[in-house]
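Q: Since each chain comes alone in its own frame, lean on the hints to assemble the complex.
In order, the protein sequence lines correspond to chains A and P.
Residues 0 to 865 (numbering that gives the first Met the number 0) are what the first sequence spells out, left to right.
Residues 0 to 204 (numbering that gives the first Met the number 0) are what the second sequence spells out, left to right.
Hint data in this document are derived by calculation from the structure and do not stem from the laboratory.
If you're wondering where the values come from, they're calculated on a predicted model, not measured in any experiment.
All C-beta atoms in this analysis are idealised placements derived from N, C-alpha and C, irrespective of residue type, glycine included.
One or more of the hints may lead you astray.
Cut-off 25 angstroms, straight-line C-alpha distance, at most; resulting in silico cross-link-like pairs (PhoX-like, lysine-lysine) [claimed, not checked]:
#, chain 1, residue 1, chain 2, residue 2
1, A, 666, A, 423
2, A, 830, P, 168
3, P, 168, A, 826
4, A, 598, A, 632
Cβ pair distances, simulated, as ranges [unchecked claim]:
#, chain 1, residue 1, chain 2, residue 2, range
5, P, 103, A, 148, 57 to 65 angstroms
6, A, 438, P, 57, 45 to 53 angstroms
7, A, 643, P, 152, 37 to 45 angstroms
8, P, 111, A, 51, 19 to 27 angstroms
9, A, 761, P, 37, 50 to 58 angstroms
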Amino acid sequence: MKNRESELNRSEFLKGAAAVAAVAAVSTVFSRPLRAFAQAGKRSRPAEKGQWKPTTCQGCTSWCALQIYVEDGRAVKMRGNPHSKVNLGNCCSKSHLSLQQVYDPDRVKTPMKRTNPKKGRNEDPGFVPISWDEALGTVADKIMDLRKNNETHKYMLMRGRYSYMRDVLYDRMTKIVGSPNNISHSAICAEAEKFGPYYTEGEWSYRQYDVNNTRYVILWGADPLSANRQVSYYLHKWGDVLDRATVVVIDPRLSGSAAKADLWMPIKPGQDGALAVAFAHVILTEGLWNREFVGDFADGVNKFIAGEEVAEQIAPPTTAAVGGEVAEPKPAFVEKYAHGLLKWWNLELKDKTPEWAAERTGLPAEQIREVAIGFAKAAPRAMCWVGGGPSMQVRGGYSCMAAHALNGLVGSVDNVGGTLKANKEYTSKFPKPDAFMDEIAKAGKKHKKIDQRGTKAFPALKKGKPGKAVVTNNAADGILDENPNEIKVAIGYMNNFAFSCPQGERWERALAKIPFLVHITTHAAEFSWFADIVLPSTHHKYEKWGYVKSFANGYRHVPLLQPVIEPVWDVKIDETEIPWAIAEKLAERGFDNLLRHYKEYKDPETGKAPTNEKEFALYALKYATHKLWDPAKYQAGDKFNGWEEFRAAGVWNSAPYHFRKRWGKMKTKTKKFEFYSETLKAALSAHAKKYNTTVDDILSTCNYQARGGRAFVPHYEEPYMWGDEKDYPFVLVDYKSRLNREGRTANCTWYQEFKYLDAGDAAWDDVAKLNPTDAGRLGIKDGDRIQLISQTGQIECTAGLWEGTRPGTVCKCYGQGHWAYGKVAAKVFGKSPRGGNNNDIIPVDYDRLSGSTTRHGVARVKVVKV
Amino acid sequence: MGRHTLLSDTLRGQTYKILAECFYSPDDELMALLRDVSESPSAFVCRLADVAGEVTEPDQLPVDHAKLFVGPYKLLAPPYGSVYLEDGRLMGQSTIQVKNLYSEEGLHFVLREAPDHVSVELEFMYLLISRTIEAANKSDCDEERCYRDKQRSFLAGHLGQWVPAFATKLEDAAQTNFYRTLGNVTRLFVEEDLTDLCRVDQESG
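Isolated chain P (complex conformation) (with noise of 0.2 angstroms):
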């Protein structure tokens, strides 16, 4: 693997710790953060934080978040993967999952929150590709490949399956700008980098 993976990786390592980040409340931090990474070499980044920079009233992200998001009525957007995947309830089979994914590398969930939600899976697909990047920097190829593939599984079993569905009802259900891009982006981005990885696969297999 060549310098120009290896940037690719922490750009897509970027994109998802930021994507992480902008599912969680519109507070100043995360405006100031958006406001760090303007000058981003990742289009996506570059594009949510133009429409952060972009907004009039602030006052509406935090209800529209929660519209979206949190409730407490009829979640617009809800962001956990069971609801997708299973029957529309949380803490499915594919919840345990996920959960049981972070156990084996050696994570401790944390957030009182479900293991599916999408700020979740996304930080977990980027600390999957800062092992790998470590694993790049050390030359060892066995790991890089292992934590590639692991990415990949992931991505195609979890979060890429339900990523989409979600998005799309994000995108439409949102009041704000920032959120219907935020959808937009999300799932362009996650839709994409899912392409990337099984092609990368098939090159290399």
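This is chain A alone, in the form it adopts within the complex (with noise of 0.2 angstroms):
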């Protein structure tokens, strides 16, 4: 209620001739400083002329070169950087909603403390502004507690998204201070998307497109109009890639690539790894492999007929016994630069026809062989395009293995028009950190990592090595279970894990178990309620020193992120700033080794370590990137006369991809693009052999089907789903909106605006898209409040009838559900989100191989009316 007691009036203002007695008391305030101004003594404004200022934007992983335009020190429009060779000074949509975070009143505008000690979903933290040296001492204060007790294990560092310089503070300052626990989100992301081409290959990472030279394109779960990768550079490009290719889009969704399309394959969910067995199938029975890259039977006689083994070796002929020696069997099949093709056949394909195939995949056997045929007719200069659909399923990288070893039975791999990897860049990496570990910290490091990667269940097979890759979401199970061990001090930066992983209730329960959290973020989340402090960071376009790399259109470019504004607040860099400043508590508290190292990163022009966080971070970001503007240190690509002239351009481009160079010389094994992989038989096996164990014993206890010598081909698995067809008949898709991605602009009026951009979605709204004719059995209309109920939970949303949802599919993008991150985002702030989020609905599981999260394929729902 409103104190109306205090209404006051103008007779009431001046106390008649009272006052004149109190002039004392207004002196008083007449002597106070001013707090918001010093004299400056000049009366006029030096007028202060727009400027391009060059930057970089990760509002998704496109990460593109941009130029803001800056006007009396404020940001006020973008566009691209005219100088990289990769995003051609294209800039998409979502880029300039970054106008409405940097500027959002809702951003985190200095370091909080929590005032409540109880933590969880319905306890109000009660956060209060406290100093940045408060703040700070208290986190070294935590950090010097766990190294007198000899525990720095038990201190974590959550990593989001990151720039380069990541190693900083996710890397140097975690093995400094003595622990193991840097968990990245790489795996709530897209690594199972990795695994197929390291596994045939040797690439653990993303593909280049060569779009410019390609005639035939199949997007696999991938939808680069909206969300794979470079965006704009491709929203640039597809006018020419339509008219020019073939056009394939394998999606239980039409997706905005799909609704461009020649031809859309309304896959049902999780068949992937079906069809491009079946593909392959099609490509050898027709005769169509590319020799050149495949080789060829030694008779130059196609054996691959269906239902039919095909004998590895030719027996030699009976005449050549006669004289008494006995002749060599030669192999059938003369291979070039691919390995184990006639295994793959014996092992996998040979049964796997279209007929068979279409009983799975809901897609008429004519159309996938003649897809089949025209990918392969079109080759080399035809590519499979394979995003996070097909492979961030239970059992997904091998579906991801199966679609992507198609680009090596056409023999477009690494060739013109096909798929490339990244050009080569030479930025460096930073001081190593060994000699500033001291005992406690070697002790510390060699616990084992909290997200139980490399245990029996999680293989998580990073490039051949069994317990490299990260588990990120089964890290929440290890700090609830305290296994290896608990967590007591946490750090996390540009990331939100209560929201953005699976069943993210775990997180939430997790992070309210952790005795000391803190959150580095522009925007105080989910992730944050949690938190004991939250620090303010820097918001990367517009804010901060660092610099990324991505790579198309032939080449790769090195951005860097420059601030190109005075922030509005006290803020500070998360990767070097701050680390830098925790570093001179920690000094000041006795341990001074991290700030000894950071004084390493010195400037390369004058050889001047740092004194303090702005050299720190200026340095740093020299040092990585020298041999780019040091003309004494060129390489390749781009050549600048320093530093200047380098940060002045904002972008160093590679030098232009050379095709096939990498034929013959791949990272595997046998240095073959491998249809049988030795490479993941060396890995599987060292795993197993880690538990004294066999290899099915592994696939058995991780929940593949495969058995065998069929677990080192690129094959067929089953989709494993959560909840039964009879109860939970529909399979939710999942997918990213074109406004958000990443799921940062949640808070964005211009995001909820303009949410129907993604087809079927509404303006400020969350719309889960069901195929009319399904809709129709449930009795559900258009703008219906309906539920949608999984095995593991329910969330609210408004039903929008859609024929671009295969049936017996829900569609939902993700992003929407917020219920604590800022004004717009949720409904009402702390109560109601804004529709529901996907991850609460989506069972916690994992493609074990690859440690990834699941998100497709996975879940099972029922639709409710409300």
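A: As structure tokens, this is what we get:
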């Protein structure tokens, strides 16, 4: 209730003659100094002309080089940086939303601490502002406590989105403090998408797609016009691609790219592997594989006949034995740059006919045959573009492998019009931390990681090594179960695991359990709700020094993140200034190893060691990019005359792509493209050996169906879904929004106003799309409120009837459903979200060989009218 | 201009300055200041001093203050002009206008804050009033008139445009009597001062 007693009026303002006597009180006030202003003396304002300043966008993972127009110290608009050979001066619509982020009144403005010691979704943290000094001092005290008690392994660093300055905070600080627990977000992103290319061609990475020269594109659950890789570049190029090439999209949903494609194949969720092996079957039986890359039968006669095994060796002719000498058998197939084609055929492909695949995928056999033939005939200027859709599924690593193997089959790997790797760049790693790790740190570092990677059920086979890949989402269970140990002090930055991980409720409990949690962020989010201290971070695009690297168009670029404006508030750079400031506080408390280490990041121009956080942020960047801008260190690509010239251009471009350079030199066991993956065999065998068991036992433990040699070839695995089809008749199809993607724009009104840009969606709403026939059966109309219920949760949203939904599925964009993320994102802050978070109904599960969290083809749901 | 005007200018200036101070963190210094002015001839100031004196749970003030004006989540009463005058964001065209006004007065804006934060605009009014008083003390009528025009123009063009909406939000959202009263006092004072300045303008015009 308002206090109306305090209503005042003019007659009361001046209390008559008594006022004269109170001049003393008035003068007390007038002697108080000004707080907001200093007298500058001059009364004229220097006219400040607007200027384009270079920086980089990390609104998604395209990482476009941009220019920001800054007028009166204020960022007002942006465009692509014309110096980039990757995004070619283009900038997507999503990028502009960052203006609403950097100038959001809901930003974190000052360090804050929690006043309510209880933690939980229903516990208001009661944050109050504190000084940087107090905040960082508290962090340092907590770390010193761990060091005093020889339990530095109970320190944890959680990393969300990052620039390549990341290792300052993520790696070096964690190691020198003495913990193994630096946990990246990568496995909730798309690690399974890297599994396929690694275990065929030895590249643990995303691919580059030579769309300039391609004639046939198959998009597997990827939507480059909305959300996959270099969006602004592909938006710019796609008209030409459609002119030159046939574009086929495999997706249960009519994506942005599918709407423009020549053919949309609305596959049943989880059946991508079936389609991929059937494509391979057709290509082989039709004799359409690429001889130049793969090789050919010794006698030139195609022996791939459906249902028939092919002998790997040709028996010596009987006449050869006449003289008493036994001739060696010869390989039936003369391999060139690929390995194990016959094994792949015999172990997997021979029975995988289009008719077999049609039964599983719900796609017509004839169409499967036609696409396979069209693709192979266009080859080698043909590409299978494999996105997260087929990969981020339980057992999805093999689907990714199968779809990517088609590129090998048609010789488009590393070839004109095909799938490429990243061009070479010449940034440097930061100085090594080893000399600064004392005995406490070394002992702490030896402990096992909190995400349980490398345990029997989590092989996490990154780059051929068991236990190398992060299992991000499982860290919540590691914390909750204190297995391998408890976590006492944790820092998270540019992340929001409580929202962005499937079954995020586990994260809420895990974060609440950590006695001291710090969140470094521009915007307080669900993760911050459980924090003890929230630290305000610079906005990456406008206020930070850093660099990233990305590729497209046959080039790689390294664009700089630069502070193009003075931040409104006293914020610090997450990856450099804050760790430096913590290092100073640790040094004050008698532990100066981290600060001494950071002082090694000397300015390459002057040789000067940094003396404060500002210098450190800049010197560290100059150090890492030294070879790009110093003419004396020149390697290749763009050449600059020095740091200032590089900084002003804002981006370095690599040399053009060298096609086919990797043929015969791939980083696999055989140096070839492996259809029978000796590389995966070695990795799986190493993991099995660690547990004194067989590969088959590992596969069984990890919920894969393959046994024997099939485990080493790209093959079909049945999808594994949570929920019985009878009780949960629909499969959830989760995808990314054009204007949100990584999920940081939910508090922008422009995101909400233009939400309808995601086909089937509506402004300021969260719409689950049902096929009209399914909706009719359920009596659901457009705009009805519905609940989506899975085995693990339920959310409420609006129903949309949309023909772009494959019957039997519910398509819903990720991004809405925030309950604590500023005034716009939630419907009623802290109480009711706007729509629902897909992660609340996606059960936690994994593609355990890659460590990836699964999002696709995993959640069965039922739809109930509210 | 006579002694009466001077005194009321002094009181107006005091009120603006006290209000400006009240939107910063509710620390001991603020409470001491409000105790010091509890005998102020300004009923607005007295009312604030009274409620500050009535605070029984001082721990609640910083939490309420943060939720209303600082965050880190949804601000319950965003203390920024552009939020009300433009599209709900900061650093709009109106923000740059006030920043330019400060520069024109030879002032260097030193806070790590948006230039149209309520405390900044209130303090700017206090400054314009101080300069009006200085001019009056020097009997420089032109300058006095000039600064009185500046007061009116700033209040009518900026502060007075958005403070009523802001203060109403504050009155509605505040959990403590102190901030509820601050909203009420700010709204009434600014509205009334604007009316007065316009009336003086008409009378002298």
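Q: In ascending order, which of the hints set out earlier in this document are inconsistent with the structure?
A: The structure conflicts with no hint, since it agrees with every one listed earlier.
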